[in-house]
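A.B. asks: One-letter residues, chain by chain:
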Amino acid sequence: MPPTTLENATCTFCGCVCDNIGLEADGDRIVKTKRACGLGEAWFKNHTAERLYPDALIDGKPASVDEAVEAAADYLYQANMPLVYGLSNITCEAQRKAVALAELVGGVVDSHTSL
Amino acid sequence: MITLSLKEEPPVPLEAEALSPDVVATLRYDEICALPMFLGKRQCRVDDHFVVEGEASDELEIRGDAGRVKWIGRGMTRGRLRIVGNAGMHLGAYMKGGTIEVTGSAGDWAGAEMSGGLIRIGGNAGGQIGAAYRGSRTGMTDGTILIEGSAGLEVGMRMKRGTIAIKGSVKDFAGLEMKGGTLIVGGAELRTGAWMTRGTIVSLTRIPLLPTFAYSGTCNPTFLRLYARQLGTCGFSVPCDASAGAYLLYTGDTAVSDKGEILAWQPHAS
Amino acid sequence: MGGKVTCTLGEVKNRADLIIYWGGNPADCHPLHFSRYTLNAKGKHVPQGRKGRTMVLVDVRETPSVRFSDIFLQVRPGKDFEVVTTLRALLKNRPVDEARVAETGLTLEQLQNLVDRMKNARFGVLFFGMGLTMTRGKHMNSAAVLTLVAELNAFTKFVSMPMRGHGNVTGADVVMRWTTGFPFGVNLSRGYPRFNPGEFSTIDVLVRGDNDAALILGADPGATMPQPAIDHLARIPTIVLDPKLTHTSRLARVHITTATTGISAPGTAYRMDEIPLPLKPILKSPYPTDEEVIRRIYEKVKVKPAWSPAAYAKVPCA
Amino acid sequence: MLRISGGRVYDPANGIQGEVKDICIADGRIVNDVQGAAVRTIPASGMVVFPGGVDVHTHVAGAALNFARGMTPENHRAAAKFIHSPLLRAGTGGITPTTFATGYLYAGMGYTTVNEAAVPILSARHTHEELRDTPIVDKSSCVLMANNEILLDLFEEGETERARDVLAWLIWAAKGYGVKAVNPGGVAAWKWGKDAKVLSDPVHGYGKVTPAIIIAQLAAIVDHLRLPHPLHIHCNNLGVPGNVSTTLETMRVLEGHRAHMAHLQFHAYGGDDWTTLRSEAAAVAEYFNAHPNLTADAGAILFGNSVTITADGPWQHLLYQLTGRKWGNLDVENETGCGIVPYVYKGSNVVNAVQWAVGLELLLLIDDPWRIFLTTDHPNGACFWRYPEVIHLLMDASFRRECLRKLPSRALKRIVLPDVDREYTLSEIATITSAGPARALGMPRKGHLGPGADADVTIYNESPDRGLMFRHPRYVLKGGEVVVEEGDIRKVVDGRELIVRPAYDENIEEYLRPLFEQYYTVAFENYPVEQERLEGADIRELG
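Residue numbers (this note's numbering), protein chains in the order written: chain A, 37 to 151; chain B, 6 to 275; chain C, 30 to 347; chain D, -18 to 524.
Warning: the hint list may mix true and false statements.
DSS-like, lysine-lysine: derived pairs with alpha carbons at most 27 Å apart [unchecked claim]:
id : chain 1 : residue 1 : chain 2 : residue 2
1  : D       : Lys189    : D       : Lys175
2  : D       : Lys175    : C       : Lys71
3  : C       : Lys167    : A       : Lys70
4  : A       : Lys81     : C       : Lys309
5  : C       : Lys313    : A       : Lys97
6  : D       : Lys189    : C       : Lys73
7  : D       : Lys178    : C       : Lys148
8  : D       : Lys472    : C       : Lys331
9  : D       : Lys327    : B       : Lys165
10 : C       : Lys331    : B       : Lys165
11 : C       : Lys329    : C       : Lys273
12 : C       : Lys121    : C       : Lys80
13 : D       : Lys175    : B       : Lys101
14 : D       : Lys175    : C       : Lys148
15 : C       : Lys313    : A       : Lys70
16 : C       : Lys80     : D       : Lys175
17 : B       : Lys176    : C       : Lys167
18 : A       : Lys81     : C       : Lys273
19 : D       : Lys175    : C       : Lys73
20 : D       : Lys472    : C       : Lys343
21 : C       : Lys121    : A       : Lys70
22 : A       : Lys68     : A       : Lys81
23 : D       : Lys472    : C       : Lys71
24 : C       : Lys343    : B       : Lys12
25 : D       : Lys327    : B       : Lys101
26 : C       : Lys73     : A       : Lys70
Some chain B residues well away from chain D (every beta-carbon gap over 10 Å; in silico) [what the hints assert, rightly or not]:
id : residue
27 : Gly121
28 : Arg125
29 : Gly127
30 : Lys172
31 : Phe228
Keep in mind that the hints were calculated from the coordinates and are not lab data. For glycine and all other residues, C-beta sits at the position ideal for the given N, C-alpha and C.
Extracted from the complex, chain A is given alone in its bound form:
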């Protein structure tokens, strides 16, 4: 696969959220970064698009995403007091959906801010 490049990419490693990063990818890896700091470079290079992990695990055993989604939905639905936590390393779009889900399952929703 030929390398692809991206200018003005946004780094979400730290709160600086630098948005002037140059990236060069080869296949399923980022091979070169421009204007990123050491932390940012490691962030970009360490997250590949390789299939390193199973799609999903249920009780430690590989499962399909469909099965895992079903199991997750059941657990959250059954719970009296579910907790939705984290939200820091996901997009705002995912955060919006997470709040909607927390509402639907009647739970607590919280981020790293509360630490």
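Fit chains B, C and D to the known structure of chain A by using the hints.
C.D. replies: This is chains B, C and D only, laid out in the frame that chain A set:
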């Protein structure tokens, strides 16, 4: 009298603001059994979790470890609420009158933003006792809270009037942004009286102080004698005998005011 | 009663002549902060860059950030609140107890000098980090610096800003505020949002064992939280969505691998000054995005009978 | 297809004033007639039919409002709760409602279009994200320009033409609809802790540029670009005793141009200080009546809790010092700023009492309802969901007198309201809440019930209690769908965004890019809001 005996400790917090003398005073047995509560997100009935006895009374007794039962006595205005065991968070929050007695311990926010009545806690209490809820300008505006044991953070935060007396020690930020009233503690950790503008904090032992409190001499104020007499009847002893010692008076918090007072008892060297 | 006086980072770049970092180590943790936004940036009204600015660092220990600073004030651990409260009094020329000031590790003279610098700045900024917000006093330490900075505006232009860590934690605050009214720790179990830090904040909920299921997104509490909290996560059904198998994944009942935010998942992230920026993925992940997985879980729950009574019973209450 | 049958129709744009008439709807629009079995009929006899409300000036989304939400948890605790249901999202109402609640509250009151009046370009992406989560109502937004330093620098250098291209580019970058000027030059000066109080004095940091120049230039550019909405201006010296002279001077500067004067109530004060503050509504109205180039909205205040949110930073610092309460301030690089201070208007306070009267006086003394619109500058003067209270006051002089009796007598000497007997008619109410603002916003499909209009219709049970009548519409239709019935939300539709794409010279980007790299902290390419983000937006291209 109505008694509610907790069947077992709820698996998640149970929100039970219906459990107050005002609500049950006029209810029949079956109506009390059917009162709504919330176990997490699920609405349930009082008799799902409690064995109910009695009806139509403004004396309510709750038995068992209700440490996970929140909002008991919320906003109550009259009657007697006795908890034989522990009580969860927000006990007697927004309370206006009547009496609450807990033989065990109580969670955070007991008596938060209360405006009258008496809360007695036999064991320890959590933080934010008699405090203002987040963002509110004013905590308790009247009434009395007596605690036999110790208490947590931010006790009496933004309180304006009323009395809190705690035999044991409290954690940081007792009397935070206090605007009036009296807070009596056995001892305290750090930052007592931080940003207080008015009111009086009395400690029965020496406590660490912020740099923004100025030493203003010793005293044995008259008003304390009145408090001592009154609290004495409840088993709280507040020293006020000039022959035994004196209070060191500090004023502050100079970051915001010089009208707040911290009094720390110092017995005479014997 | 305090509040919050802040700005976007470009204001700092274009104007700040006094930059204070408190309880943080930007040289290591936010490496490009100095060059892009603050100290070394050449700004519209600070064309000379570094030479036009003074940097003060306040921290409990010497870090690599010290060598960037003009003035380093080493405060004793756990004494930040005392120092800031003292500064508030000095700002108003109110008396403070010199001996108790000295217990903070800083002298009255040092603090008076800092107050004078702050008052005389043309445009001052105070960045505060986790060394302030996660040590004894926590939210009150933040409140203290926010209030100090608000009060400084009676003398000059001064702003403050938290040095937020984790990528899009700021976005989480922003999104929760517009959807629920509150920035974090929101309980929706009664069908509407409620907020009470200490009661609904995750560590407290977990340590007390108040929840009976958990969905963990973009976080690894299994690696960072106190042991009782981790034990509780292992006890209850925990579900993790993450691009990697995390510590939490290992104790969870369900793990779903997702595409990495900003690398293979598109969307929006907020910078620490609440400026939203687009995320443009360069790699195509074999895994679905968090957004998609959450949507699928949502849809699965949505078709189940509503757990909420159509209208909540009005609970009788005094 | 739908027929609203037998209602008394108030459609001022089409000259219909209370005629009994059917309104027909097909495919989300008003049509002349509908036939056949598939037609649903809403029997509306004995009811009053209005075009859906249009709010010309409100603050419902974006960084500033969201900042305010975070600052005031105590308000949300006390606010109306919006409980999650299979149809509705959870939320809180109150002074700064959550986005979902905002949509439900506006629709519940019969309003179907809102104009968010203050959008910084740098955080416009955020505003649009919130507007996307604001259901039912259609939305437009005004972009903050009067303290944009790139524009100010061009005005300083006399580069009018280039400024025109920059402004047009910025509107499209923000995916905005109109141009807003807030305290021209004053917010730029606030970045140095200063203000701009005199229209003819150079702005702090500039040699030539004055607030008057900024106002005149922006108004000329807006007219030149033929933006549908005229320059939307928040004058200098908001809220300050004696500011009437600044307001009148601003209006004089605007002669020969279209302009919309925002929240005029806050700009119509006489007196020298807080103790001598008095109403100058009569003087403002007199000038305004004689100058048809202007429209205005009231910015009325009502007694009770509010949160003041404005790009006017210096005013907010003053208010913080006056109230000693919380203060939020957020300066946005090169563009604008905003301040946030919670405030309580009290009937017993002479200043607040005068302010209350001024808002009503302007609405009553400005004689053309097509040029003055109902707003409270939400949430500054009062929450938008309290508009029915203002309508009641406008329609009922005896109720007004009753309220006046409760004011301190010292206030009565400083206002003219006791001498005003005018009562609004239903047709005039339809004008100030819908037809007028739609026309001022330049939205030809809004604010009327003629063929081709969007089928946004509000149907009221007629009641002598006007407050009650306007608080609880019997039906509200948005785009032909019945969204509210008997006070309950019955259906949630997505509102769409209205945006404008003015023409500009594409080469302007080559001028902007280097400036951008120097002054801003985000990449030039990441600055404009991506068009794909605004799904289903209604984009008007201007040639």
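A.B. asks: Which numbered hints turn out to be false for this structure?
C.D. replies: Per hint list: 3, 10, 12, 13, 21, 23 violated.
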